[in-house]
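S.K.: Letter by letter, the chains look like this.
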Amino acid sequence: MIDSSVALDQVRRSLAIAKKDLRIYYAKGPVVIFGILMPAFLFLAFSIGRQMPVNSLIPGLLGMAVFFTATAVSPVVVPWETQARTLERLASCPVAVWTILLGDMFASVIFGIVISFVPILVGFMTGASIHHPFILAIGIILAALCFSSMALIFSFPATSLPSTIMMLSSLIKFPLVFVSGIFMPVGELPAWGKVIASLSPLTYFTEVARYCIGGTNRYPLYLSLLLLLMFTIFFWEAAVTLHKRTLPRRL
Amino acid sequence: MENKLAITVEDLTKHYGNFVAVDHVSFNVNNCELFGFLGPNGAGKTTTVRILTGVITAEEGRAVVMGFPAGSLQTKQLSGVVPEQANAYIDLSAWDNLMLMAELYRVRASEAKRRAEALLQEVGLHEKRNHLVKTFSLGMRKRLILCLALVSEPHVLFLDEPTSGLDVQSTRLIRGTLRKLRNEGKTIFLTTHNMDEASELCDRVAIINHGKLVAIDTPERLRIGAGRFHVVEIGFEKPVATETLSQLPGVDKVEGAGNKVKIYTENPCGLVASLVDFSRVHSLPMVALNILTPSLEEAFVRLTEEVGHDR
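For the protein sequence lines, the chains are A and B, in the order given.
Position in the first sequence counted from 1, then plus 8, gives you the numbering used here.
Position in the second sequence counted from 1, then plus 159, gives you the numbering used here.
It is possible that some hints are incorrect.
Simulated DEER-style distance windows between Cβ atoms [what the hints assert, rightly or not]:
#1 A/Met175 x B/Thr216: 38 to 44 Å
#2 B/Thr216 x A/Leu237: 32 to 38 Å
#3 A/Glu245 x B/Lys272: 37 to 43 Å
Just so you know, the hints here were simulated from the structure itself, not pulled from any lab data.
What you are looking at is a predicted structure, and each value in this text was computed from that prediction instead of being measured.
Glycine residues also receive a C-beta, built at the ideal position from the N, C-alpha and C atoms.
Only chain B is shown next, with the shape it has when bound in the complex (with noise of 0.2 Å):
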């Protein structure tokens, strides 16, 4: 079972004096997997990645990478990391990071050289390759420091907010590597509070919120799952008072006025059912119909809400 598990994390803990960063959280990543975790600002996916990392310990509970501990030099071998600031060397060249980190990772210089050539092409800097760090811009730092974390041809690869605060064209780069390197077969785990994101790339997501884990599973599930209210678009030819349609039954709330409303209900298909009668017999054509399904945003706020309100 272990072997199919890239990463093992079972009730990891983190204080930072009264507060608690993580809370007995735990869950485990498959090989190849790419894995969303999800929260709020101060939520603990931070940490937890650093814990994963390395970059600081534990206070209860077990990680496990690759088969080795969080943090073992063994785990940080087989590990590439994308931290959420950029944190290039700004005064060696993006070229000269590169040939450190491969240094770092005890790479032959050869093969370091061919990596750097590529990824750096890649990712649009080979131009700027002998150019000093200080010199780029966010967006080419988040890419540089991609890089960074590549050049070893890790295993696993931890990446904290790699789009964050980026441009439309840094961030479609940034995600169309990490589609390409998950169908070559690296496992991910990746970081973000951008819903469209963890939606567009994760395979699953787990949300965490003041600490704790609320819920882990593909975003699909996640989004049906939480969707307890779905949401009905109707239009009808002429305007309906929305306090006409909240006394049909099985409405929780209508949103909206004029021609198009909102209405949310438990029972989308008993609501359709009534709606279409409630048409019939005020001889009310209806000229929109709709049954949106809850995105991985409204999942998320309702899960994070839900914990917000347990406190």
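Chain A on its own, in the form it takes in the complex (with noise of 0.2 Å):
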């Protein structure tokens, strides 16, 4: 058990880990390329012609942004450093390796959060309205935690190549936008496309926001946003156990 002022104490820590993360990785090509345009290029290929009311558009997008954002960076930091042997500089300091990945997953957040405004405001501007703005920043907040923490899973296997990490991290990332209500919302899945769609944690998210703005939900709120918290401590519990198993292997 951890004394909880030393856990205090490394959350601190964690946090200079979280600006070190968003002043070098952000910026990467990578890092734009799978984060922001891959998933914008997408979202506009399957958009653009139809007639779909903005209500029904703008949650899948704010679910595809929150999702590709928050899981870009994450899941390449730890193959990126141990690359550069900056992880071992980090393992020399005094952090624990939850330490670690709080912080790229605080990067993670931060950067899911703020590109989140995106779609809100591409929302305000084709005349979406936001019911429950306040329900919203909280769905948002907690799928960043959850994405994010789903995203350090990938980075689990000692490698590092970070387009090896790339590469497994999107052959799961892409199909589960297709079965997680994104573009078609769940009630109109066949009951197959449902049963999958009800193991996707971006499904709770995209259940949420289709509640605060378009008030068109399957799920009820409030299991939506639970789901949402367990998978988060789930994801963490499973990274963090990862981890520590497979850091010894990188250094």
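Quick one: dock chain against chain with the hints and give me the complex.
M.R.: Written out as structure tokens, the structure is:
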């Protein structure tokens, strides 16, 4: 059991790691391409030419934006730092493995939250109305935490090649988008689609966004928020356990 | 006893697959001591220092640094590390790297700035403080790494080959800084395969080979202790055949030819007396006579070769 003062001290140190990540990694080409450009083009390819109401489009766009940006960098920081040997520097500093991961997660969360303003702004400009801004804010924060902790799991294999991890994470991320009510509300999916959708954390954030913007959610709000929280805890625990196992092999 | 010791290592063992990188190594490092850890490439130096700094863990044995288990957060807080590879963040400036380290060690911002200014001045990087590290040469990066290790004012400093591959200027600067730190009372654990560096800087040295500790003592004692064979360098007015000199009592080996030769012996005093007799009997005046003390390098080669042959 970790002493609470030690834990708080470690959280403060993780903020230094988050600050470093934000300064170094968010302008890197692969992050911009996989985190912003690709999902944006994917969404445009789907929505242009379709007569979809704006209140149905914006929750999907918001879900895409938060999902892709919050998962863009946290999986590649560890392999990048393994390659540059800076992970060894961090490992010799007075920080725990979970502190390093928390720092990477914080950076992803901040990136996800900031980028979420883009679809919200697009929504305002195209006439969408946000009925529950406070709940939407909670949903975005929770979703960013959930997706970035999920992305940490992608980077647990002890490789120093960011491209390997990017490929692995894309293999998981892109299919998730199609089964999580982004392009089509969960209620309109076939029965098998609904079952798969219920296993994806992205579904629950899209549901929160649909509740706050269009009011067309399928699952109860409390359930979506609770499940997002539970996914976050599960992903975080799994990420810490897996990284503790593989970190020594990277160094 | 323990509180006089900065580092205690007992039976430390680490394998990589079937390869034994560190094999039941035990030693102590006193407080305020500059301790050299020598060994050929692949001997286990870096593995040992990585265990002590908490980068990797040992499978067996015990390592304690400043009273805490090696690798614990307390130990890391009290230690500064200069790894073999200069691993600053190349996309950050020298200054930002220092501020990051200060934050990771929870040094107050004002104090961190004061220390960073002083350290960068000391290693000659102050003018380049706002330049990205990717524009730095290897020497500049290594100097910066030393600053990164010192910004938290550690009690123990671990350095892994800090001058390897550096130009004379950077080497002298780093050695000078280490001397100053030792005088200030820091404990320094230095791994190197540079014998001059170890001989010049270290209070004590340990020699590791094939993962096993083969000797630990002051550089002077190691030199003398390992010098079972001393070298007597002698020059005569006229050349003398090496075969003739080989016949003298106590001579193990004769090297060189012409007017000046090196004679290896276990008994340098007896040999000198024999050489004086030889000179008198053959009416052959001596023009030079030196008894050469074995260097630390010779001691190192002898000790590491002995272990190599034992295997």
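S.K.: Between A/Glu245 and B/Lys272, does the C-beta distance stay in 37 to 43 Å?
M.R.: For A/Glu245 and B/Lys272 the Cβ distance comes to about 38 Å; the hint holds.
S.K.: Holds or violated: the 32 to 38 Å window for the beta-carbon distance between B/Thr216 and A/Leu237?
M.R.: holds (34 Å)
S.K.: Falls inside 38 to 44 Å, the C-beta gap from A/Met175 to B/Thr216?
M.R.: Violated, since A/Met175 and B/Thr216 (Cβ atoms, about 31 Å apart) do not stay within the stated range.
Taken one by one, the earlier hints fail for this structure only at number 1.
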